[in-house]
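2 protein chains.
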Amino acid sequence: SGGSGGTMASESEAQRALQYEQTLMYGRYTQDLGTFAKDEAARLRLQEGDTPRPRRPSELLEYTQGRCAPCRVCALQCQRFLISKVGEDWVFLILLGLVMALVSWAMDFAIATCLQAQKWMYGGLDTNVLLQYMAWVTYPTVLITFSAGFTQILAPQAVGSGIPEMKTILRGVVLKEYLTLKTFVAKVIGLTCALGSGMPLGKEGPFVHIASMCAALLSRFLSLFGGFYENEARNIEMLAAACAVGVGCCFAAPIGGVLFSIEVTSTFFAVRNYWRGFFAATFSAFIFRVLAVWNKDEETITALFKTRFRLDFPFDLQELPAFAVIGIASGFGGALFVYLNRKIVQFMRRQKTINRFLMKKRLLFPALVTLIISTLTFPPGFGQFMAGQLTQKDTLVTLFDNQTWAKQGINDEFEYLGILEAWLHPRSNVFVTLIVFILMKFWMSALATTIPVPCGAFMPVFVIGAAFGRLVGESMAAWFPDGIHTDSNIYRIVPGGYAVVGAAALSGAVTHTVSTAVIVFELTGQISHILPVMIAVILANAVAQSLQPSLYDSIIRIKKLPYLPELGWGHHEKYNVRVEDIMVRDIRYVTLNCKYQDLQQVLHSTKVKNLPLVESAESMILLGSIERTQVGALLSNQLSPQRRVLLLRQKALSEDGHRLSDSSIRFQVRGCDWCPVNQSRYLTCPRAAGTLPAPSLCPLHSARPPPAATCGRGACRPQGCSNTPLLQEEMILGDKLTPTEILEWEEQQLDQLVDFSSAKIDPAPFQLVEHTSLHKTHTIFSLLGLDHAFVTSIGRLVGMVSLKELRKAIEGSLTGKGVKVRPPLASFRDSTASTTEADTTALHQLWDRHQHHHMPREAGPGGDDDD
Amino acid sequence: SGGSGGTMASESEAQRALQYEQTLMYGRYTQDLGTFAKDEAARLRLQEGDTPRPRRPSELLEYTQGRCAPCRVCALQCQRFLISKVGEDWVFLILLGLVMALVSWAMDFAIATCLQAQKWMYGGLDTNVLLQYMAWVTYPTVLITFSAGFTQILAPQAVGSGIPEMKTILRGVVLKEYLTLKTFVAKVIGLTCALGSGMPLGKEGPFVHIASMCAALLSRFLSLFGGFYENEARNIEMLAAACAVGVGCCFAAPIGGVLFSIEVTSTFFAVRNYWRGFFAATFSAFIFRVLAVWNKDEETITALFKTRFRLDFPFDLQELPAFAVIGIASGFGGALFVYLNRKIVQFMRRQKTINRFLMKKRLLFPALVTLIISTLTFPPGFGQFMAGQLTQKDTLVTLFDNQTWAKQGINDEFEYLGILEAWLHPRSNVFVTLIVFILMKFWMSALATTIPVPCGAFMPVFVIGAAFGRLVGESMAAWFPDGIHTDSNIYRIVPGGYAVVGAAALSGAVTHTVSTAVIVFELTGQISHILPVMIAVILANAVAQSLQPSLYDSIIRIKKLPYLPELGWGHHEKYNVRVEDIMVRDIRYVTLNCKYQDLQQVLHSTKVKNLPLVESAESMILLGSIERTQVGALLSNQLSPQRRVLLLRQKALSEDGHRLSDSSIRFQVRGCDWCPVNQSRYLTCPRAAGTLPAPSLCPLHSARPPPAATCGRGACRPQGCSNTPLLQEEMILGDKLTPTEILEWEEQQLDQLVDFSSAKIDPAPFQLVEHTSLHKTHTIFSLLGLDHAFVTSIGRLVGMVSLKELRKAIEGSLTGKGVKVRPPLASFRDSTASTTEADTTALHQLWDRHQHHHMPREAGPGGDDDD
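Those sequence lines, one after another, are chains D and E. Per full-length UniProt numbering, the first sequence starts with residue 1, numbered consecutively. Per full-length UniProt numbering, the second sequence starts with residue 1, numbered consecutively.
Just chain D, with the same shape it has in the complex (with noise of 0.2 angstroms):
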């Protein structure tokens, strides 16, 4: 009986035996078109050397004779060998690194000169204070009111980050319409006229959405000379590396760019997409200073915003407490900002009277928000105590600076430094305008990144977190003015280094990441604060993570996009949560020898995309599984108008046909306009209304007769549309049955056994045990970015996890609301007593069976009585 498994090996050598031919077909062409289009290069390499006389001479007219012959040979050589790189990783890369410093650069440039220009109106209308303030507010209004309704007629998906999408699409979900050409457009102008308008913005988030389109549209160009980029996972690989490519070319940050997209996209991260990352994003760095240096901006490639801070003595290990109340302030600012911004969007949604004002002039809400910030920062106005003349470029200059502001009392040797002087008012002093910088920006900030438009909140949420560090900065500055170390130096305090601590640390508490530090450190070119700003991001993350979700998750939220919520710190209790104690036990299932009825049953039962398949409803043995969809079409075919027509076809050999033409369900048949799948139930519907309850006739769609617009979409898909006119000409004869012979018929075929033979079957779902630890669950959710797993039992299929129930249980135990799917302390078993039971039992009963099945005389499972 047992034993040896000698059969299948020699079965599957005559079966590879067979399959060997077939695949040498392939072999050639899908096997890998580098390998292929080099061989096929050095044929012609050798051919060419041969007979060096071009092919085809009509097209080499003028390099037919001359020295010029060999220059178009190695010129198609190159050609050749091109195409035959296109598809390696690097050239990919490399081309995303290029492309997408040269979009930053220009979208720099372009937003530099918007911004130029603003400045220009408002610096030449200063005769008239209205004039000026006019030019100060139409502007930016004109500009976000554009980037807005542009985007909205183009694109609506290019609208907010990117980067809670990108996360989604990174998990494995299909999001639709993200990645497309017109979204690119749309994002790209939306973004430089949102930045151009001087709005509190930023541009990293949209800046990995830009990255990701990009390596996708790259991707669909370049599949144009091979066949590789069809390949779903290394297309995944490719935005993976492309998010990092965003941040990293945004601010010319490479490791800081590759370290922020791992954090805000990923849950797990493959080493080798690390790499690649920082190919690319190297790469993209280098490229978009390398501009800056051939546009004369610079001298040499360096920082964006280079510091001088001293480097022998960049701080005192007694200011690290300073340092310290930053990051735990951050952490509240961080989280308080998350909580801001979202309960802004709550309010507009909830607000229905705003709400359906705003539906109506969609651009009311942007002009508006434009209008009242810009108002606020009218520099002669109350933007004077704000430093409203800033751009958000020059902010971070000047916050940054190597100088002591509040070194003795206020303006000094400020005069020489013309951009400083925003930051002083003759009747007030630095600290003033640094709290109502602070403030102010603070709400504006969250309301601005509500508008829809292509914005992020890392820069404006960047920039506040400096001018906070500055403030503590010069306050300390002020404490001490001759620094705290007593040796023989005088080291005086550095309130830059504070600014970029604060920077740090409100940005990495906004979005829950801590290499905010590395973006910090490669912005600046100085990483002497290293210490400073571990801490302090670390403590602001601590807290802020204690407190709210991050921005991006946030927002995903708000969305209603799938996600699968993070297991926080410490939380010893997800090691015992297990499997069964969230699992849903009551679950539906369609099984191999089930009649059509059954399938009928199920899919009225419950909602769910992907049912199981098993054995028997006795041995419940999980074969693999069916989607919903699959299941539907198995149906519709059983009943389909084609195989009553072939079935009275052959009824009409036999007997004489009387014609009906009913050109009112022919019409209807054309339409097939609500549900492909169940169509000839519908079309059996309006004739049968009169003599059958409605429920009965749907079986998809019982509860409500739907509307053509809920089933163009999801499960429904028009797989039963393509032969029209075949079912015209065939309803002709079919409905030559009444509707209660339909209906006769139709409860015989329903009453057959399923052929499963033409439905496609997942022969391998992901599968858990029952004691797999929540902890567990979560990571191979999130590693292999599932939806749903089936709960299996020596074989057996005992229940089903899915996304929904795996985020009740870390929310519902990590915040203590939410609804808690679990019975209290029902996880807490001794986890190898209760399983080893439960699993001996279950094989137990399964060996029993065998064992009274075969041979029910040697039933004793001890043997001791048996000689």
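Bear in mind the hints are in silico, worked out from the structure with no lab data behind them. These figures come from a predicted structure and were not determined experimentally. Please note that a few of the clues may not be correct.
Claimed, not checked - Think about it this way: if two alpha-carbon atoms lie no more than 25 angstroms apart in a straight line, the pair counts; the simulated BS3-like pairs of lysine-lysine are:
(1) K609/E x K176/E
(2) K776/E x K609/D
(3) K595/E x K559/E
(4) K609/E x K776/D
(5) K559/E x K182/E
(6) K306/D x K393/D
(7) K119/D x K393/D
(8) K776/D x K609/D
(9) K776/D x K776/E
(10) K393/E x K760/D
(11) K360/D x K560/D
(12) K306/D x K808/E
(13) K361/E x K776/D
(14) K560/E x K182/E
(15) K361/E x K296/E
(16) K560/E x K595/E
(17) K609/E x K361/E
(18) K306/D x K296/D
Stated by the list, open to error - Residues from chain E shown here face chain D by an in silico Cβ test under 10 angstroms; the list is partial:
(19) L82
(20) T267
(21) F283
(22) A285
(23) E299
(24) I535
(25) D762
Claimed, not checked - Derived contacts from chain E toward chain D, CB cut-off under 10 angstroms, selection only:
(26) W275
(27) V514
(28) T779
Think of the CB as a built atom: it goes at the ideal place given N, C-alpha and C, for glycine as much as any other residue.
Knowing the structure of chain D, use the given hints to seat chain E on it.
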């Protein structure tokens, strides 16, 4: 039949209701001791609020009256609070960081003292060159010999870097004795001595190992306070964090440490571990540097090898080709280093005479190598041409120096810098010294790292890289004395910057990491050379990765640890090779309804550790997997003397017993010396040796009756040895049977059906489908740390893939050499067509079986002819 699973739901609810009672019992204890302790503390606090009198007056004799009582209460509360907090992750991480910082600092201090002692000895004896030479050579020889001997005696596992082993452990493989206190002590002391000798050895690899051991020991220590540290998944996560701490506190480089440890130990990593690593490594680096400040080594917290390159113009764009050259050359150099290192080890192994000699005198090889190296570096001897008197740290400090050594010929303004003098030789120039240094150190480092002491290769390689970079930098400086930049300002070339680039590139090439870039930024405290460093590191990696495995992977292969090679870049075929091309089809399995003799046969015919358990040989439905040892235990239990004795006792009730006492057998039973699983067979062996052929007697070891050594570990565990006294008594009864009778009885027993109820079965072994791509299989294996996976098709077992097959498949197609296990081109078949067909066929068969079984009348799949 099929349809809704209402019964399941009610069944499961009933189960729950039952289980709930059980779990309540456990709930309080295993749940979450932290919460429990908190509750308890709160309860006690309340109690004490009511009754402030302490309950154990004897202990609190001095506090009973007066003001100290509240203090005591407070202290008790604090104590309880602390204990309740011990389970939190962050407490663990802080403790780990603290301990490792102390260890690192103490070791650094000890090493510095050792080196100082050597210098002092060498300096004191400057009157006699011979004595000086003796001192210079003897001191390191003694230290290295001691280190080698000490490690050999205490824990041979402490030898070498430790990163290869950690990589293996983090894959989920259990390496015994690698994380024990003994190994910890051996590694710390051995490493201190080895580095104190001044040999070209590094400390970062061992530090990764030390930190991991520290984490393992700490978690075992903390588990005394509660049960949180027993979870394996958590321990693995903590080990990953510990690796980051190891590198972080070794170089005071938290970010680089985290990234480096990720790159060298993981294929996939969880972002939550990355945060853990950041937290612990930052804390550790912080404490490490604070200790230096506290010890007055430093004025404040700064980088370890602080550089002072100019900030405003770090390098010219036109210098980039030189940096790229450094990168490419370092790539070749790194590959050569790995190759050389491996060849030395292999040479030592292969040369049998050398090997035999070295095995006898284990300490001779270290002593010899040390002697040679220290002779060559003797400063008055050959050492004068290679800066032999400098320690590793001094070498780095000088190489990163800000000045240009070759600016205007030799020694001009050098006189005042004592330490730099080592690089100057009156009769040669800096270039010669650097070249000699690089060449000599290269082979010395490759040789020294093969000495069996705890040592790493990172630091030596880093130094060689820095020297190479310096060489290129000095050449550039000599070539362009006034810099390349042609504008108004003259920016001279900074050779120190080239040294930084070279160090990162060569160490990156040897370890196949890009995070060495981050490490040099943190190590030097300057990030201004970010682009050159990144470019050089990426180029070096590209070259080195295409030539050789990383040093750690090379060691893994030399040590024959289980590993999974990386998927290379751009190997598109990885996406097309499928599991069916590489899987083993000829597998042995256990069926549910098999007999004991089948088990015997299976054990005979295969050596795999996990056997699949299928429903029956016909259906081949995979139910689970059973360990080989479990199968052995089942067999031995069935044939055990105990069972035979029980049987005989039942017989003895009816007939008379004639006693037979055989002391020799009793002795053997007590010994139970070579195979606990098969002890019953062994017992019968000596007596039946004359009458029966040996192979048929021992099913597990039939071919070669094994010596005691081979069975002490691995498959056979001493599970049968627990009841020896009982066994003795029973043997006296049992051996009333003659050998022939025993054989007969055993034959009878073997013919019975197997009772699996006592066996431990894994109910959900990992399953793959035939057409899973190699890429995905690799991902899953490395994600989940799998050792093997079964390949199923709609529930049926069709094959098995283990690490070995996967490795062969990847390396076979990666390097071109090695065994190609799949037929050529077999993998490039059209996936959708063939697999869907195969699936459908298999499913169809299954379906047909059911069809015919249940209702043979309605067999037609179309169902057309039933009307």
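Against the structure, the hints come out as follows:
{"no.": "1", "hint": "K609/E x K176/E", "verdict": "18 angstroms, holds"}
{"no.": "2", "hint": "K776/E x K609/D", "verdict": "24 angstroms, holds"}
{"no.": "3", "hint": "K595/E x K559/E", "verdict": "40 angstroms, violated"}
{"no.": "4", "hint": "K609/E x K776/D", "verdict": "24 angstroms, holds"}
{"no.": "5", "hint": "K559/E x K182/E", "verdict": "21 angstroms, holds"}
{"no.": "6", "hint": "K306/D x K393/D", "verdict": "12 angstroms, holds"}
{"no.": "7", "hint": "K119/D x K393/D", "verdict": "14 angstroms, holds"}
{"no.": "8", "hint": "K776/D x K609/D", "verdict": "24 angstroms, holds"}
{"no.": "9", "hint": "K776/D x K776/E", "verdict": "19 angstroms, holds"}
{"no.": "10", "hint": "K393/E x K760/D", "verdict": "66 angstroms, violated"}
{"no.": "11", "hint": "K360/D x K560/D", "verdict": "23 angstroms, holds"}
{"no.": "12", "hint": "K306/D x K808/E", "verdict": "51 angstroms, violated"}
{"no.": "13", "hint": "K361/E x K776/D", "verdict": "49 angstroms, violated"}
{"no.": "14", "hint": "K560/E x K182/E", "verdict": "23 angstroms, holds"}
{"no.": "15", "hint": "K361/E x K296/E", "verdict": "45 angstroms, violated"}
{"no.": "16", "hint": "K560/E x K595/E", "verdict": "37 angstroms, violated"}
{"no.": "17", "hint": "K609/E x K361/E", "verdict": "37 angstroms, violated"}
{"no.": "18", "hint": "K306/D x K296/D", "verdict": "16 angstroms, holds"}
{"no.": "19", "hint": "L82", "verdict": "15 angstroms, violated"}
{"no.": "20", "hint": "T267", "verdict": "6 angstroms, holds"}
{"no.": "21", "hint": "F283", "verdict": "8 angstroms, holds"}
{"no.": "22", "hint": "A285", "verdict": "7 angstroms, holds"}
{"no.": "23", "hint": "E299", "verdict": "6 angstroms, holds"}
{"no.": "24", "hint": "I535", "verdict": "7 angstroms, holds"}
{"no.": "25", "hint": "D762", "verdict": "8 angstroms, holds"}
{"no.": "26", "hint": "W275", "verdict": "6 angstroms, holds"}
{"no.": "27", "hint": "V514", "verdict": "5 angstroms, holds"}
{"no.": "28", "hint": "T779", "verdict": "7 angstroms, holds"}
The structure fails to meet hints 3, 10, 12, 13, 15, 16, 17 and 19 from the earlier list, while all remaining hints are met.
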